[in-house]
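A.B. asks: First to last, the protein sequences are chains R and W. Residue numbering for the first sequence follows the numbering used here, starting at 174 and increasing by one per position. Residue numbering for the second sequence follows the numbering used here, starting at 18 and increasing by one per position.
Keep in mind that the hints were calculated from the coordinates and are not lab data. Hints should not be assumed to be uniformly reliable.
Okay, the calculated bits of chain R under chain W, using three or more residues with CB under 8 Å as the criterion [claimed, not checked]:
| id | segment |
| --- | --- |
| 1 | 224–231 |
| 2 | 412–418 |
| 3 | 472–479 |
Result set (DSS-like, lysine-lysine): computed pairs, CA atoms no more than 25 Å apart in a straight line [unchecked claim]:
| id | chain 1 | residue 1 | chain 2 | residue 2 |
| --- | --- | --- | --- | --- |
| 4 | W | Lys265 | W | Lys307 |
| 5 | R | Lys470 | W | Lys187 |
| 6 | W | Lys378 | W | Lys77 |
| 7 | W | Lys307 | R | Lys286 |
| 8 | R | Lys355 | R | Lys248 |
| 9 | R | Lys361 | R | Lys497 |
| 10 | R | Lys282 | W | Lys322 |
| 11 | R | Lys286 | W | Lys77 |
| 12 | R | Lys282 | W | Lys265 |
| 13 | R | Lys282 | W | Lys77 |
| 14 | W | Lys265 | W | Lys227 |
| 15 | W | Lys187 | W | Lys77 |
| 16 | W | Lys187 | R | Lys248 |
| 17 | R | Lys286 | R | Lys355 |
| 18 | W | Lys77 | R | Lys497 |
Which bits of chain R does chain W cover? Going by a derived footprint, with three or more residues having C-beta under 8 Å, they are [claimed, not checked]:
| id | segment |
| --- | --- |
| 19 | 198–210 |
| 20 | 399–409 |
All C-beta atoms, glycine included, are put in the ideal place defined by N, C-alpha and C.
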Amino acid sequence: MSFDELLPLIFIGLMGVSLLVYVVSDGYDLGVGMLMHRATPEERDTMVASIGPFWDANETWLVLGVGLLLVAFPKAHGLVLSELYLPTALMLVGLILRGAAFDFRVKAKADRKAMWDRLFIAGSMLASVCQGWMLGRYISGFGEGWNYPIFAGAIAIALPMAYALLGATWLVMKTDGQLQDKAIEWSKIAWPPMVLGLILISMATPWISETVRVRWFTLPAMIAVASIPITTGVALLAARLLLGSPAVRGSLCWLPFALLVLVFFLSFLGLSYSIYPFVVIDRLTVWQAASSPESLKIILIGVCVTLPVIIAYTGFSYRVFRGKTIELDYA
Amino acid sequence: MEAVFLARIQFAANITFHILFPSISIALGWVLLFFRLKHLRATDPQQKLDWLRAYRLWTKVFALTFALGVVSGVTMSFQFGTNWPGYMERVGNIAGPLLGYEVLTAFFLEAGFLGVMLFGHRRVGEMVHLGATFLVALGTLMSAFWILGLNSWMQTPAGYEVIDGVFHAKNWLEIIFNPSFPYRLVHMTLASALTCAFLLIGISAWQLLKGVATASASRVLRTGLIFAALIAPAQMLAGDLHGLNTLKHQPQKIAAMEGIWETTRGAPLLLFAIPDDAARTNRFELPVPKLASLILRHDANGEIKGLNEFPSAHPPVFPVFWCFRIMVGTGILMLLVSWIGLWRHWRDGWDFARMPRPMLKLFAGMTFAGWVATIAGWYVTEIGRQPFIVSGLIRTADVASRVPSSSIALTLAIYTALYLALLAAYVGVLKYMSEAAEKPTGPITSKDLAESTHQYQRRGEFA
Numbered sequence: 174m175s176f177d178e179l180l181p182l183i184f185i186g187l188m189g190v191s192l193l194v195y196v197v198s199d200g201y202d203l204g205v206g207m208l209m210h211r212a213t214p215e216e217r218d219t220m221v222a223s224i225g226p227f228w229d230a231n232e233t234w235l236v237l238g239v240g241l242l243l244v245a246f247p248k249a250h251g252l253v254l255s256e257l258y259l260p261t262a263l264m265l266v267g268l269i270l271r272g273a274a275f276d277f278r279v280k281a282k283a284d285r286k287a288m289w290d291r292l293f294i295a296g297s298m299l300a301s302v303c304q305g306w307m308l309g310r311y312i313s314g315f316g317e318g319w320n321y322p323i324f325a326g327a328i329a330i331a332l333p334m335a336y337a338l339l340g341a342t343w344l345v346m347k348t349d350g351q352l353q354d355k356a357i358e359w360s361k362i363a364w365p366p367m368v369l370g371l372i373l374i375s376m377a378t379p380w381i382s383e384t385v386r387v388r389w390f391t392l393p394a395m396i397a398v399a400s401i402p403i404t405t406g407v408a409l410l411a412a413r414l415l416l417g418s419p420a421v422r423g424s425l426c427w428l429p430f431a432l433l434v435l436v437f438f439l440s441f442l443g444l445s446y447s448i449y450p451f452v453v454i455d456r457l458t459v460w461q462a463a464s465s466p467e468s469l470k471i472i473l474i475g476v477c478v479t480l481p482v483i484i485a486y487t488g489f490s491y492r493v494f495r496g497k498t499i500e501l502d503y504a
Numbered sequence: 018m019e020a021v022f023l024a025r026i027q028f029a030a031n032i033t034f035h036i037l038f039p040s041i042s043i044a045l046g047w048v049l050l051f052f053r054l055k056h057l058r059a060t061d062p063q064q065k066l067d068w069l070r071a072y073r074l075w076t077k078v079f080a081l082t083f084a085l086g087v088v089s090g091v092t093m094s095f096q097f098g099t100n101w102p103g104y105m106e107r108v109g110n111i112a113g114p115l116l117g118y119e120v121l122t123a124f125f126l127e128a129g130f131l132g133v134m135l136f137g138h139r140r141v142g143e144m145v146h147l148g149a150t151f152l153v154a155l156g157t158l159m160s161a162f163w164i165l166g167l168n169s170w171m172q173t174p175a176g177y178e179v180i181d182g183v184f185h186a187k188n189w190l191e192i193i194f195n196p197s198f199p200y201r202l203v204h205m206t207l208a209s210a211l212t213c214a215f216l217l218i219g220i221s222a223w224q225l226l227k228g229v230a231t232a233s234a235s236r237v238l239r240t241g242l243i244f245a246a247l248i249a250p251a252q253m254l255a256g257d258l259h260g261l262n263t264l265k266h267q268p269q270k271i272a273a274m275e276g277i278w279e280t281t282r283g284a285p286l287l288l289f290a291i292p293d294d295a296a297r298t299n300r301f302e303l304p305v306p307k308l309a310s311l312i313l314r315h316d317a318n319g320e321i322k323g324l325n326e327f328p329s330a331h332p333p334v335f336p337v338f339w340c341f342r343i344m345v346g347t348g349i350l351m352l353l354v355s356w357i358g359l360w361r362h363w364r365d366g367w368d369f370a371r372m373p374r375p376m377l378k379l380f381a382g383m384t385f386a387g388w389v390a391t392i393a394g395w396y397v398t399e400i401g402r403q404p405f406i407v408s409g410l411i412r413t414a415d416v417a418s419r420v421p422s423s424s425i426a427l428t429l430a431i432y433t434a435l436y437l438a439l440l441a442a443y444v445g446v447l448k449y450m451s452e453a454a455e456k457p458t459g460p461i462t463s464k465d466l467a468e469s470t471h472q473y474q475r476r477g478e479f480a
């Protein structure tokens, strides 16, 4: 394979990674946003403070992911976003509401705060549900028929559950005292539906897509592939056991979140394996959809220079705000 | 055609809403850095506290502005694809890398350090915090650099070749530094500085009028007046040069701005007119003889090409003509108000307490003058490019979405309602914050002093 042929693969990889980072990072803050409807006003302040320094950078990964789709796979971009026109618009409405409410809630008059909180929660839910629906439609290659909307609908419920679990474990890590106790409870509540959702989706995906079925159930690849669901299962079980043990209140408070991130990573691997080498399953391969090699090279130089820097200062930011959440102020 | 029209309106609504916030934040980031440095360098405790208060209030304004800029910007990044899929398919090789570099070098920079800048002050050393503030400001400016690079390329394309209808990059330096880019970048940056200066002026004047101002508001107001008085004339010069550049590369846009139908020597400047596209003439003209030629050609008998030279390929005249007048009129008003205000302030012995209330009311009334001028200016440049999306090469109608017009209409309605509500909320919260933040606290308390010197005590720990 020549370098020019390799370029589209590099870019689909980069796009996948940015979307994975997006789903994990904005996933936890969307999850925290959704969980706020179960919290008291004081707890809400702490919850927002726990994501305050990060949400903006988290969302930038979505812009990068969609940007790379736009830049590297213009044909797929037009197809995907035309198919997902309405859910995309609704997701954006959710993200706009959430981003605006996040800032307005502390700056507006005190008696408006509850309203902005409701908009924050509603925006987080709307964005999560839309992303789930979009993911479902995307995995099924935008198929037409009675079963496809059910599949997309199931993911539209499962993904917010996964985000909620991720957000709850984030809070277990970032808070203490009563709020941490609540977060542990929320994690326990969100765990079964997320696991059920993951199982159902794993069963439904090969049923809905011939391509995925062939890819999964052919020996000898099947044995290697099996390691993904097995590891996922172990990680999920370990997270659940930890949530029931006292250690999670102490030094191991970070572990459930880390295990959940691992689960997201494994799901991403499984999905990538199923779809490869398509950008839109059964319709467009990466090579059919890619831009000219000259343009890809220009961006690749930028990526190679800037990505390490971005990772470095993202790490710096997380280090600055490490540890348990304290009140945010514009000091 | 209906779908194209709706997609246009939707995109226009989004960029109109979006541009409001960068037009403040591009300059406000640097102003914050300025306040911060003033605070650090002041030796008098009262002054120190004043600058700190100014920094705090305007950091909140920045955070709010930035958040709205981000959410509307994310929307815009999707609408490139949802509204103009054909655009990316044809010029993706050129537009893609420019947008990609914007995300990689600008978005991440500002988003990455925003958290440290806003909330990290008690967690990092003073130099690190200053650095974060600087990087956020730099990121915002770089974002403008890339997006204006792309926008300018769409106005004055260069450095490309077309193979089978698809654009390919030939020379990146020519693409980025295309003929109109330097003018556009300077014009936009100064527009942001002016918008920000009048926001500082307007809100501080409002605080003085409401009797909620501390000495901090006076300092901010003076800063804004001085900035505006310096920037307004610079902007007029930059605008004039930008106009000459447009005359060279997009004469049909100039013809629409000036409302000139027939190619004329010694063209008049029309102070008022109602351009009539159907009759291809103007009604109710109020001309100043030869002035347009004098301004554009620097020669009273210079020739200006008329719209009739560009059959079926010139922009709609009415909006371009009038937006241009709104932009220039607002600019002149800003120049006059800042100069007269500064002169009056000097005559009053630099004491705002002696400033007449009508003058303060005028300041407050012009809080958002920069928005009016910026939006009008953007309409001139963007509507002035029509009917093309890439000047002279690709028609907007040819790259529009294939999405049914009912979907576009529905989302247009939702977006518009949301934008109007958020805009109202934004202005309302600015008003509330300006009134709440600076309630007079009387003499300086020991707590105030402790706060204002807080960073010096912390510095040692991080050194």
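A.B. asks: If a hint holds in the structure, say so; if it doesn't, say that too.
C.D. replies: Now the hints, each set against the structure:
Counting residues of the segment 224–231 of chain R whose beta carbon lies closer than 8 Å to any beta carbon of chain W gives 5, which reaches the threshold of three, so the coverage claim holds. Counting residues of the segment 412–418 of chain R whose CB lies closer than 8 Å to any CB of chain W gives 0, so the stated coverage by that chain is violated, three being the minimum. Coverage of the segment 472–479 of chain R by chain W holds [criterion: at least 3 residues with CB-CB distance below 8 Å; count 4]. Distance hint between lysine 265(W) and lysine 307(W) is fulfilled; the C-alpha atoms sit about 19 Å from each other, no more than 25 Å.
Restraint check for lysine 470(R) and lysine 187(W): the C-alpha separation of about 13 Å stays at or below 25 Å, so the hint holds. Distance check on the hinted pair: lysine 378(W) and lysine 77(W) sit about 24 Å apart at the alpha-carbon level, within 25 Å; holds. Annotation: proposed proximity of lysine 307(W) to lysine 286(R) is violated, straight-line Cα distance about 58 Å (limit 25 Å). For a cut-off of 25 Å, the pair hint linking lysine 355(R) to lysine 248(R) is broken: about 46 Å separates their Cα positions.
With a C-alpha separation of about 21 Å, the suggested pair lysine 361(R) and lysine 497(R) falls inside the 25 Å cut-off, and the hint holds. For a cut-off of 25 Å, the pair hint linking lysine 282(R) to lysine 322(W) is broken: about 55 Å separates their Cα positions. This hinted pair checks out: lysine 286(R) and lysine 77(W) have alpha carbons roughly 16 Å apart, not beyond 25 Å. With a C-alpha separation of about 52 Å, the suggested pairing of lysine 282(R) with lysine 265(W) is violated against the 25 Å cut-off.
A hinted pair counts as satisfied when its Cα atoms are at most 25 Å apart, and lysine 282(R) with lysine 77(W) qualifies at roughly 14 Å. For the suggested pair lysine 265(W) and lysine 227(W), the alpha carbons sit about 50 Å apart, so the restraint of at most 25 Å is broken. Annotation: proposed proximity of lysine 187(W) to lysine 77(W) is violated, straight-line Cα distance about 44 Å (limit 25 Å). Note on lysine 187(W) and lysine 248(R): the hinted pairing holds, with a Cα-Cα distance of about 22 Å set against a maximum of 25 Å.
For the proposed pair lysine 286(R) and lysine 355(R), the alpha carbon gap of about 22 Å is at most 25 Å, so the pair holds. Annotation: proposed proximity of lysine 77(W) to lysine 497(R) holds, straight-line Cα distance about 24 Å (limit 25 Å). Evaluation of the coverage hint for the segment 198–210 of chain R: breached, as 0 residues show C-beta separations to chain W shorter than 8 Å, against a requirement of three. Counting residues of the segment 399–409 of chain R whose CB lies closer than 8 Å to any CB of chain W gives 0, so the stated coverage by that chain is violated, three being the minimum.
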